[in-house]
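*Asks:* Following the hints, put chain W in place on chain P, whose structure we already have.
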Amino acid sequence: MSLLTSVKSELIKTKRSSSFWLSLIGAGVIPVIFLLIYLIRPDKVVNQMKAMPWETHFFQGYQQFSSLLLPIFVILICSQIPQIEYKNNTWKQVFASPQSIGNIFFSKYIAIILMILFLFLMYNIFMILAAVIPSFIHKEISFLKHPINWAQLFELNLKTFISLLGIISIQYWLSLRLKNFIAPIGIGLALLIGSMMAFGFGWEHVFKLPFAFPLLTLVNLPKDGSSGHALLNHEWNSIGYFVFFTILAFLDMKYRKQRG
Amino acid sequence: MTANPVIETTNLNFSFKSGFKTLSNVNLFVPQGSVYGFLGPNGAGKTTTLRLLLGLLRNQEGKLHVFGKDFASNRIEILSRLGSLIEAPSLYMHLTAMENLDVYRVIYKVAKTRCEEVLRIVGLDQTGNKKAKQFSLGMKQRLSIAIALLHQPELLILDEPTNGLDPNGIIETRELIRTLNKEHNTTVLVSSHILNEVERMATHVGIIHKGSMLFQGPLSELQQMKTRQTALEVQTNDNVRAASLLAAHGKADLQPSKIVLPFQGNEQTAAIARLLVENGLDIYAIHPQQNDLEQLFLDITSAN
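As you go down the protein sequences, you meet chains P and W in turn. If you use my numbering, the first sequence corresponds to residues 1 to 260, in order. If you use my numbering, the second sequence corresponds to residues 1001 to 1304, in order.
Chain W extracted, bound-state conformation:
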């Protein structure tokens, strides 16, 4: 983490009601030029953190620096250099796509041609006189992204931008984030509760759980950690016998419908398969354990 941070928070604490901490000592470090995946289940504190970053919530404790400047004393300057999309689309439903952009075009002082440009980027340039209320959820989400992009911000803060999008929309949004990052060197902070999604676009990852950061660093670091933590699942027609056979390959954990072993590499998998077949067992399945967010949390917490 040698690059300059675009966002840096120091010991951020926040509670909506006294006694219950929504955020506790959050130290966010978003390096310049990164796509930072901010990962956590619903209610972990992602949106609260992002709202603090945008000044939508009053900071209670800790330091909040964006572009190296204190947020509270440089609010307008910081906001003029970033684009944001928080939660559900915020659009004027009685206005067209172009009029929605116009509302912000005058504030950010951008040329009319830029509006046409961003509408092309998000694929809404053919909507003409159609009002936002007639848009599908995907179109609304794309128009919200267009608003965030309007002034070519150096930093994009996107809160679950793929929520409610169909698979095609999810892929397009992902591509868009990657393109902006590569071609315009835009730093992107994108929150999500889907590990898979973050792994596909992020360069850096921060994982938040119950208001605390569990992990933060480059994606490669997370993946290394995951491999270390990965387990192999085996299902056969006689799991009890299989477990005793596999005891030689590390501690085999016999669970109701499967056996779980520490994963040691592809050679080990092949050896296990051979061993089971040679002993006359039928193999139903043999695969590395699915690393969903829940599992990852368990792994990280147990590793800590």
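Isolated chain P (complex conformation):
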């Protein structure tokens, strides 16, 4: 119950903050590009969209989104929420309020995850709109003649989200630790690019690198729109990293000598 109150207090703080806009912009970039392609050059996509338009649309969307843009926005959101306290010098007031350290830690964590889920939700809504709107204008685009494959869409979202859990926990810990918001973002981007290179070289241990997980999930997505696939090795690893770094970050906050 009291955790709920702390989360509520956290969400008030995100009002008009950059994390809200980051989520919205992050969700909008790829769908806007798709919308423009469908509107301006429908002839380029009409053929490949004929058989399974929604499946192809969602698959191609995630292919663009989760390779780079999504992890970057996740890194930014993770750093923005703790940064609200650093920037305003408000940690001391938070720690001097009657909340357990657990509530302070997890309420921010939940706020971050809610913000990322909001990003996912808005991305999906924008993607659907990017398909529906041009269908009214260009009759040859066949989205309206086919039902949305909800099972595939759900699995795409779920697997991508799970692949991000490792990054989320590491970035949250870094952002709590480091006062300067550039530092966690810089470290996150360096790790992300390093992992992409390791993937590019086909390193056999790449499935152990948390920042490579979204990419690994992406390349293993079924192109045929099928669903019901089990979690892959690296996706389990992502959950493992998440548990480990969450505990580490919590203990770090709990046993810190100096707060605020």
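Derived by calculation from the structure, the hints in this document are not laboratory data. Mixed in with the good hints, there may be bad ones.
To be verified - Pairs of lysine to aspartate or glutamate residues, derived as EDC-like cross-links and limited to a Cα-Cα distance of at most 20 angstroms, are as follows:
1. 15/P to 1102/W
2. 1182/W to 1199/W
3. 254/P to 1070/W
*Replies:* Relative to the frame of chain P, chain W by itself:
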């Protein structure tokens, strides 16, 4: 000191780095219903003590009791009964005054009407949609006080609340502290480095210097001590001659531009003036020595 203490620390020791003690054996005793002025120059250990009281620093040595309970094992209960303002204002600059209060309103579980009430108390009820970043420093400080008051705490811990305020703001804050103390029986622990300010609002005083408590007790006790320690300053057109004339009135200390005598009362002052005038000296100034914090420290340390 018979009243129940709201805050009591026993032999509080703290060091940021090993070897250098920021606090050494601090025994703070804040009686219930008092306005306790916590006095000391910058870097004396005031903020460190207050941070320990709020659990912002981990206690290293000594006992820390608030409302008669051990802090470490009753942290949340104690924090829910006190309001605090530590150092610079801690506000969410992208939020309005009301939204800033909302952040804490849900945590302290207070009614929305209480927010309007505290904004009225600190005079910020007309700020509407204005964001905190557009506030003047005085307004920010007042909003921070409003947050501290939100849940009608039994104890207020204010760290230099008048820092950066204009004279008007200082007087208003002082009045507010007095009113809260008298009308709501709120115990207030307020730190300051200005003796004058503390004398005007405190009922009890604690003086800390280089991490140690130099004095602690009711304000009246401090004032008695001060009178005992007060000196009289005399400036004339011929200080050397004046000093020899005044030798009869206790040991006159001849300093470069003045003579300093132990103060013995108004009659003595009048007698000195008469003596100097009768001997044809021009008196430029004759007044009790300014008792600033620095002087007070010297006095107390020499008295100890």
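*Asks:* State for each hint whether it applies.
*Replies:* Against the structure, the hints come out as follows:
1. Proposed proximity of residue 15/P and residue 1102/W is supported: the alpha carbons are some 12 angstroms apart, at most 20 angstroms.
2. For the given pair, residue 1182/W sits about 17 angstroms from residue 1199/W by alpha-carbon distance, which is consistent with the 20 angstroms threshold.
3. Restraint check for residue 254/P and residue 1070/W: satisfied, since their Cα atoms lie roughly 19 angstroms apart, inside the 20 angstroms limit.
In summary, this structure violates none of the numbered hints.
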